[in-house]
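Protein chains in written order, with numbering that gives the first Met the number 0: chain Y, 0 to 344; chain R, 0 to 344; chain W, 0 to 344; chain F, 0 to 344.
Careful: at least some of the hints might be erroneous.
Because identical chains cannot be distinguished in the list, a pair is counted as satisfied if it fits within a single copy or across any two copies.
[Unchecked claim] Derived DSS-like pairs (lysine-lysine); straight-line CA-CA distance at most 25 Å:
1) Lys100 x Lys139
2) Lys332 x Lys196
3) Lys196 x Lys139
4) Lys139 x Lys332
5) Lys139 x Lys270
6) Lys100 x Lys196
7) Lys271 x Lys56
8) Lys271 x Lys139
9) Lys100 x Lys270
10) Lys100 x Lys332
11) Lys270 x Lys196
12) Lys139 x Lys56
The set of hints was computed from the structure by calculation and includes no laboratory data. Computed from a prediction, not measured in an experiment: that's the story for all the values here.
There are 4 protein chains.
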Amino acid sequence: MTPRKGRLAVGLIGLGRLGRVYARDLAGRIPETRLVAVADPLGTVAEEVAAEFDVPKHYSDPLAMIDDSAVEALVIVSPTHTHRELVIAAAGRGKPAFCEKPPALSLEEVAAMKQAVSSSGVFFQMGFMRRFDPGYAAAKREIDAGRIGTPLVFKSTSRDPFRPSLEYANPNSSGGMLIDMGIHDFDLARWFMGDVKAISAIGATIAYPELESVGDIDNAVASLVFASGKLGVIDLTRSGIYGYDISTEILGLEGTIRIGYLRETAITVLKKNNVSHDTVPYFMERFREAYTLQLQNFAQNVLQERAAPITIDDGLEALRLGVAATRAQQTGKTVTVAEVTGAGV
Amino acid sequence: MTPRKGRLAVGLIGLGRLGRVYARDLAGRIPETRLVAVADPLGTVAEEVAAEFDVPKHYSDPLAMIDDSAVEALVIVSPTHTHRELVIAAAGRGKPAFCEKPPALSLEEVAAMKQAVSSSGVFFQMGFMRRFDPGYAAAKREIDAGRIGTPLVFKSTSRDPFRPSLEYANPNSSGGMLIDMGIHDFDLARWFMGDVKAISAIGATIAYPELESVGDIDNAVASLVFASGKLGVIDLTRSGIYGYDISTEILGLEGTIRIGYLRETAITVLKKNNVSHDTVPYFMERFREAYTLQLQNFAQNVLQERAAPITIDDGLEALRLGVAATRAQQTGKTVTVAEVTGAGV
Amino acid sequence: MTPRKGRLAVGLIGLGRLGRVYARDLAGRIPETRLVAVADPLGTVAEEVAAEFDVPKHYSDPLAMIDDSAVEALVIVSPTHTHRELVIAAAGRGKPAFCEKPPALSLEEVAAMKQAVSSSGVFFQMGFMRRFDPGYAAAKREIDAGRIGTPLVFKSTSRDPFRPSLEYANPNSSGGMLIDMGIHDFDLARWFMGDVKAISAIGATIAYPELESVGDIDNAVASLVFASGKLGVIDLTRSGIYGYDISTEILGLEGTIRIGYLRETAITVLKKNNVSHDTVPYFMERFREAYTLQLQNFAQNVLQERAAPITIDDGLEALRLGVAATRAQQTGKTVTVAEVTGAGV
Amino acid sequence: MTPRKGRLAVGLIGLGRLGRVYARDLAGRIPETRLVAVADPLGTVAEEVAAEFDVPKHYSDPLAMIDDSAVEALVIVSPTHTHRELVIAAAGRGKPAFCEKPPALSLEEVAAMKQAVSSSGVFFQMGFMRRFDPGYAAAKREIDAGRIGTPLVFKSTSRDPFRPSLEYANPNSSGGMLIDMGIHDFDLARWFMGDVKAISAIGATIAYPELESVGDIDNAVASLVFASGKLGVIDLTRSGIYGYDISTEILGLEGTIRIGYLRETAITVLKKNNVSHDTVPYFMERFREAYTLQLQNFAQNVLQERAAPITIDDGLEALRLGVAATRAQQTGKTVTVAEVTGAGV
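Just chain Y, same shape as in the assembly (with noise of 0.2 Å):
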């Protein structure tokens, strides 16, 4: 394929509430996408997403959709667990995938993936939204330009404002809470900071005692010491009660750059003896934008054939960063990132 004109004809999987939003940014809302096909287990979800967008065709089957020549690229926001099979089909069949995060729950899984993508040569972007947030983008270019001297300490804070279901929050199926949530953290760290040494962190279940039954928790703080001999720090909750809360800050020698905002609509409310404004429901409210600006720029690296600027590494680091940090809480010991390794990675 040589660069060209013209839109990319995009199959989409996993239907999904996260499924939906991309389906209509992939039919309106990215001029260099068109959506052709929809693929979700659920059938008559397919068909009635395909009617919503106008696609002309949808599938139960996603590896028949893979199959089908009209389809160019894939986006695969499929459950978790789906991952390796679909993003080893699309390897296979030489067709461009997009990926959303995790990339699955197991280094082993991940490594299986990195084989298919990196021996077939096609390409592959894994989805981590948040370094398509204006706000990160813009902290990444001015970081990059010096404007706060060396980095020297990365802090992030990530909180849900309710509590999952317990089938979801099960660590079986998410991973638990520091992979579950603390991924974007993770790939956050490496992007701003570079690789991981060593992680050392502290859990416990202490908002939502029903939690322990599945065997997760709902706070953590996760500290890092980077490669480099930098510092830093993560804490996570399920129980940001107040709102959706996402923030990250930067020291630098020469300065520091904080990333987050806690208000969603332009209102401020004076009242005796208080002044008061709205949060940020939840993750669709703060990060839409960046969801599609992340679906525009595949389509755009596909079309011009750049390289993928988030790849199967990124995935597997931030996983593997994330199972340290699971390891380290879980045994109160440091773990080496060096240490936690899988079949061939």
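Please arrange chains R, W and F on chain Y, whose structure you already have, making use of the hints.
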């Protein structure tokens, strides 16, 4: 026409900067619309935009497009002096129309438009996008719900970050600053507080002396007394060099509400003795969502046969306030709104 | 008197709420002063305050205290109607004096004070404490240093958090809202922008109908045209129910400066969908430091024989603007400042 | 001593920078105190300060001043290594004492001080001024009142705006960064959350390599597990180049409270694409009021025979946490607080 499912087949007139944004919205971002035709006197522009957004038809003559039976409804965003003819034509063909503000530059022109709209009985919606901004809309809801008690004082500030071209600023085409910029604030004043009884105003050409050559001012303050006896004040500037800044406050008996923000991206940079962030570049960054929501609302209203939330009368009355303010500023005298009349209005 | 070391022996007249704060400042917080005597018509109050702050002497007759040779300088914070007699007496005895704003309620009274001060040649300093607030002082420095370029528009807002007593509000003793509250903003307008040429104003009794019984208003807006052609606007309210809110902005050709804050303590509370903080209760919390700095400046000026930074003319001109605004509000007409005159001023 | 009226006759030991601020507070700003004597090994400094604040007596030998019968109570703000001897001497003479943090640099020294204080039964108050900062005090009240529900996570950040001298930073005299800077945060951790069970910490010398010559670090992160199972995290830096930044958050089950601010004066400057304000220069600007309130509280406690709100045990336990954190940082292992012991404590 009875309420119906499906998308509204829209024809768009005027393909300048805002027109292209409308084209994208109507073509891809609003589920209730299809963009079936575009028109612009510059036929090549019409052709180009049609190609970009897959629009089946394009016209260099807007009146021909209005006649096209494939066009169910019209969105008019062409220069102000064309509004009268186009609105009257749309009304004559019985086609629902949305018209960007200001309705026209003279009360007489609006009188003619109003006559055409009301005698035809066809749907007509006036464009004042601030009412659809989530911040302004939330403020209106809060006030209507009694959150701040009885509103007492309306304050509004509009600041453009740079001088328009002298051609644009010329009052013969722009109406002058108090109409061109102020009409949004005058509409908000009426929306939040009701009818205005009298206006006084001061203005000066103190930032850009060259504006005197076309007879416009660059800074102004208008004081309003509402029919209810409540007070208002609006200040306008074309020299808000730091960024685009639109803010409004409604002070009530039990509190106050402020709408507005000054930040574009979610980063804060802290350097030696200094904390800083960026600003909002211009109206498109500030009100992008409002424009989309407004057109969506128009389509929904037509499809569901709902009444227009903003009528030709709203356009007429906001213009009347602008004319009154201009007259007050030029004469140095308080002008009662009742004395500002045109043929039949 | 030549510049000298040591502390200035101050006599304080007026021991109401602000007077007691001044007593504490003069007795213990200002290294350049000693409080050697206090006077108040209520002799028991004078005795009580003297005991609290270890003041050697106390008087029920202020004139007797002015005669006391142990008193080197006077601080006058008694009711406004007493200012004329006391200032004239201090000037007659050749004693430096500080007088709290407003100088008086009529231009004629101020004319007499001015005559006494200038013919005696004795030091006199007018009290307008906002000029000593670190925020306002920093803004003045920045503007004088050219930080925002040429100032174009002055905007100022003063809001009291509750209605004063009807006795206090009575224009016969307060001068009416535009003088009583506005005199601070008028002084700031002159300080930042220079002389005012004309004022128009609107006002209404819309928050507290009972104020009509004494003839005062509770909300007002005044528009100013400066001698330089620049513009200004001041809005005042007695119903800023949420807290004491004083804010000022100077918009310049290259930027804008805003002074003001709305928070008393450094805590922010985030609850479900809500971020809030407290507000500034009243003027003493907002301007506590400004009051102290102002008296310290007075003492330093006297000790070091420096000229007064705020003169009786500043008091006179601010009052003249207040009178002009009141007249404009009552007549509905623009009032030129030049037409507001009293005997000899 | 029974509760009494009148002022407490205080002797002040240590006249460095903070000592002079205390001298001014005790001499003039706190109604409950008189400063009757000052002591400093540099006799000329003592003489100078005595002259400046009208203090009747001055000493070069603090022990001689402790013996002076005119001195009712002592405020000790001399270098940390002198605390043990002075506190024991004060206790021996039965004189109430206030001692600035840290109590000492070793648990053994504090054990001796504790023994002297408890066996004498005399009043002793430990200095941790943050507890008297209006922001921290308001946060404590809100939390105790249940405003945010059960506290779950404690987060605290302390940032100094520049490197201390190498002499000062030397752990032999400062205790090292985790004690020197961290002791305030450790005290806050205990105040808000109760006892700590275990600490892990990372630290590095990454901002000022020259600190390695004296064996100190310049950035650190400590993770805390409280006895209740709740979590905490503290990050410290000596390279907060932008200003002095102290902020703390307590995340509760029903909300969160943040304490801290970043602005010194009330002005905001808006320039092209940029909104900025200043920062807090250093601790004296941030906590000036807290220092005064703390000494006032000490005097009131002595005069009214109230128990000390902060005891030698609070000093001991905060130091113990600092020692634990230092040990954890140096060994890379989690340290249980119970294992950090000294002779008898």
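Structure-based check of each hint:
{"no.": "1", "hint": "Lys100 x Lys139", "verdict": "within (20 Å within a copy, 40 Å between copies)"}
{"no.": "2", "hint": "Lys332 x Lys196", "verdict": "both (14 Å within a copy, 16 Å between copies)"}
{"no.": "3", "hint": "Lys196 x Lys139", "verdict": "within (22 Å within a copy, 38 Å between copies)"}
{"no.": "4", "hint": "Lys139 x Lys332", "verdict": "neither (32 Å within a copy, 33 Å between copies)"}
{"no.": "5", "hint": "Lys139 x Lys270", "verdict": "between (38 Å within a copy, 16 Å between copies)"}
{"no.": "6", "hint": "Lys100 x Lys196", "verdict": "within (22 Å within a copy, 36 Å between copies)"}
{"no.": "7", "hint": "Lys271 x Lys56", "verdict": "neither (58 Å within a copy, 43 Å between copies)"}
{"no.": "8", "hint": "Lys271 x Lys139", "verdict": "between (41 Å within a copy, 20 Å between copies)"}
{"no.": "9", "hint": "Lys100 x Lys270", "verdict": "neither (43 Å within a copy, 30 Å between copies)"}
{"no.": "10", "hint": "Lys100 x Lys332", "verdict": "neither (27 Å within a copy, 32 Å between copies)"}
{"no.": "11", "hint": "Lys270 x Lys196", "verdict": "neither (50 Å within a copy, 29 Å between copies)"}
{"no.": "12", "hint": "Lys139 x Lys56", "verdict": "neither (39 Å within a copy, 43 Å between copies)"}
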